[in-house]
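Sequence order for the protein chains is L and C. The opening residue of the first sequence carries number 1 in UniProt numbering; numbering runs sequentially from there. The opening residue of the second sequence carries number 1 in UniProt numbering; numbering runs sequentially from there.
Quick caveat, the hints were computed from the structure, so don't treat them as lab data. Just so we're clear, the structure is a prediction, and the values are computed from it rather than from any experiment. Among the clues, some could well be false.
Said to hold, decoys possible - Interface residues of chain L toward chain C, partial, derived using beta-carbon atoms under 10 Å:
1) Gly-12
2) Gly-64
3) Asp-82
4) Ala-116
5) Leu-148
6) Ile-154
7) Val-158
Glycine is no exception: its CB is placed at the ideal position from the N, C-alpha and C atoms.
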Amino acid sequence: MISAKVEEYAFGGLVAAVGVFTLVDATTIVARDDNAVGPRAFPYAVGVLLVVTGIAAIIATARGKLGHAEEAEDVDENVRTDWLTVAKLVAVLVVHLVLIDVVGWPVAAALLFFGAAWSLGAVWWRALVIAVVLAVVVQVVFAYGLGLSLPAGIFEGVPFLDG
Amino acid sequence: MDSITALLEGFATAAQPEFLLYALLGVTLGTAVGVLPGIGPAMTVALLLPLTYTLEPTAALIIFAGIYYGGMYGGSTTSILLNTPGESASIVTALEGNKMAKAGRGAAALATAAIGSFVAGTIATILLTLLAPTIADVAVQLGPADYVALMVVAFTTVAALLGSSPLRGLASLGLGLFIGLVGTDTLTGQQRFTLGVSTMADGIDVVVVAVGVFAVGEALYVASRLRHGPIEVIPVGGRWNTREFWSRSWKPWLRGTFIGFPIGTVPAGGADVSTFLSYGAEKKLSKRPEEFGKGAIEGVAGPEAANNAAAAGVLVPLLTLGLPTTATAAVIVAAFQSYGIQPGPLLFTNNSTMVWALIASLYIGNVMLLVLNLPLVKIWVKVLQIPRPYLYAGILLFAALGTYAVNFVVDDLIVLLVIGVIGFFMRRHGYPVAPLVVGLILGPMAEEQVRRTLQISEGDFSALVTSPFAAVAYGILIVLLTVAVVLRVRRRKSEVTV
Numbered sequence: 001m002i003s004a005k006v007e008e009y010a011f012g013g014l015v016a017a018v019g020v021f022t023l024v025d026a027t028t029i030v031a032r033d034d035n036a037v038g039p040r041a042f043p044y045a046v047g048v049l050l051v052v053t054g055i056a057a058i059i060a061t062a063r064g065k066l067g068h069a070e071e072a073e074d075v076d077e078n079v080r081t082d083w084l085t086v087a088k089l090v091a092v093l094v095v096h097l098v099l100i101d102v103v104g105w106p107v108a109a110a111l112l113f114f115g116a117a118w119s120l121g122a123v124w125w126r127a128l129v130i131a132v133v134l135a136v137v138v139q140v141v142f143a144y145g146l147g148l149s150l151p152a153g154i155f156e157g158v159p160f161l162d163g
Numbered sequence: 001m002d003s004i005t006a007l008l009e010g011f012a013t014a015a016q017p018e019f020l021l022y023a024l025l026g027v028t029l030g031t032a033v034g035v036l037p038g039i040g041p042a043m044t045v046a047l048l049l050p051l052t053y054t055l056e057p058t059a060a061l062i063i064f065a066g067i068y069y070g071g072m073y074g075g076s077t078t079s080i081l082l083n084t085p086g087e088s089a090s091i092v093t094a095l096e097g098n099k100m101a102k103a104g105r106g107a108a109a110l111a112t113a114a115i116g117s118f119v120a121g122t123i124a125t126i127l128l129t130l131l132a133p134t135i136a137d138v139a140v141q142l143g144p145a146d147y148v149a150l151m152v153v154a155f156t157t158v159a160a161l162l163g164s165s166p167l168r169g170l171a172s173l174g175l176g177l178f179i180g181l182v183g184t185d186t187l188t189g190q191q192r193f194t195l196g197v198s199t200m201a202d203g204i205d206v207v208v209v210a211v212g213v214f215a216v217g218e219a220l221y222v223a224s225r226l227r228h229g230p231i232e233v234i235p236v237g238g239r240w241n242t243r244e245f246w247s248r249s250w251k252p253w254l255r256g257t258f259i260g261f262p263i264g265t266v267p268a269g270g271a272d273v274s275t276f277l278s279y280g281a282e283k284k285l286s287k288r289p290e291e292f293g294k295g296a297i298e299g300v301a302g303p304e305a306a307n308n309a310a311a312a313g314v315l316v317p318l319l320t321l322g323l324p325t326t327a328t329a330a331v332i333v334a335a336f337q338s339y340g341i342q343p344g345p346l347l348f349t350n351n352s353t354m355v356w357a358l359i360a361s362l363y364i365g366n367v368m369l370l371v372l373n374l375p376l377v378k379i380w381v382k383v384l385q386i387p388r389p390y391l392y393a394g395i396l397l398f399a400a401l402g403t404y405a406v407n408f409v410v411d412d413l414i415v416l417l418v419i420g421v422i423g424f425f426m427r428r429h430g431y432p433v434a435p436l437v438v439g440l441i442l443g444p445m446a447e448e449q450v451r452r453t454l455q456i457s458e459g460d461f462s463a464l465v466t467s468p469f470a471a472v473a474y475g476i477l478i479v480l481l482t483v484a485v486v487l488r489v490r491r492r493k494s495e496v497t498v
């Protein structure tokens, strides 16, 4: 339970910090008109809202009022947080966005699907087959069906894959 | 009478084979995302936004409306047949529907949900047809101060009145408002909060935020506590087309409709409130209250009807005022804006053909949904059994694809990931995500209206409250807040004494 409290403090702190940033950065906005409300007023209001709710969330946490984690069909409330899987998924997304410009969308997308499905417990070879099929189908549909070409990368010039 | 003619013309447009196909595509996708855990209509509409830029606006909006209605139908199938609670709007259905399914009366539960949704959806769409043009006529006369009042009401109800923690709702709203601030100020043309990054000058795209918070946030959250093991789907049993079925269902359907529609219409709703009220009403009026909690069909029929009627009700402020009161409605407003159309009172004069084709497609979509969800329900049972690793991997893939397809820049994917991680922590700690999306879409509109009000009044702040309409709106809001606080205090007291 200690870690849940730490996280709540951190999130409340983050909200308040975004608020402080809003308030500070808003002072750099140039306001010219004298009588009407300029481009600063609304950011100030948003900043105040964030600072107040962020601090209130910290106080609520200190008084032991923690938030209730959301319920969902596929969520098992009785198991402990599986941080490793969350980290793997984040890593897979990072790899995907780094690789798009290097090897092209189809390969990056296949790796994203394969990595995510595998991290979540799928059989590796089945995940790999579905990943490759899915990436190729989407690439072809985009190029020929929607007329939007995703970067083909290493498949540049290959018929069908390079739109 | 004018609106009847206009509606008939709308039917003429919507009944063209091309538009019928788009409607079918929309309701099928909608039912699928309603059935599947982990994705909802808001995220699906957001994902499809970049892909539909090549379509004409009417076609795209018909698809989105189909997804919106379809999501409401699909959710009930999941909550009746899956052993775990479902999407918030259908949790009440799960109370009785799940019990019915376990007792071998699954067919009756599914049928009363589908037919009830159809009856409520159709009646509510008729009410929308009759009311919307009249409200639009009145709304044309509203000034900027009145819009500010409506938005303040919407902000407060979405963030603070719904959901279990008003504080966390307001914090979520604040984050959404902040994201909405990033970019170029429309009135003075200067950049705000862009940190000097050039891609931020156009602001953070609504698609990226909605997909990040709904798809990536949800996928990470589910992954952190994934329910392992086989997916337990209750087999569909029993007969439904019996005299008892109809005699016990028809009154709850109608009552649910007339509870749901008004609640959807005023910016104090969301489908959940209406389902709880309908459930309570059915329990109170039932001749067999002892059956509630053990599988009473009235407890499925009423809330399901209320749920769909509320969904149609939400379209009233959306189309006539441009005011979204749910996350999905907010994303649909963004869809309108991406086509350069501002939903609001002028929609019925400036884009009359489009809006009536859209309304006509709602009638058609409801008929399609009845077919998809009654005789064809077995297909969705199969969809429900997709192994979760592939489902969530697919959600992540399409989230990344949809985001990348907005501008074809990798920077958007970085923003997607950051917002996804924020959405993950919000779910862990009970911060609702809907206020964030509503704040993001309504925030810039609210700022513009506030500044216009004060420009007209030359800086006199009292102009914000002196218009009669605005004064009444703030008055109602104060009453609502007082009632909410009293109820909360009472509940706390009763918890203490118990």
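Verification of the supplied hints:
1. Gly-12: holds, 8 Å
2. Gly-64: Check failed: Cβ of Gly-64/L comes no nearer than 14 Å to chain C, outside 10 Å.
3. Asp-82: This hint holds: Asp-82/L lies near chain C, its Cβ roughly 5 Å from the closest one there, short of 10 Å.
4. Ala-116: holds, 4 Å
5. Leu-148: holds, 6 Å
6. Ile-154: violated, 17 Å
7. Val-158: violated, 19 Å
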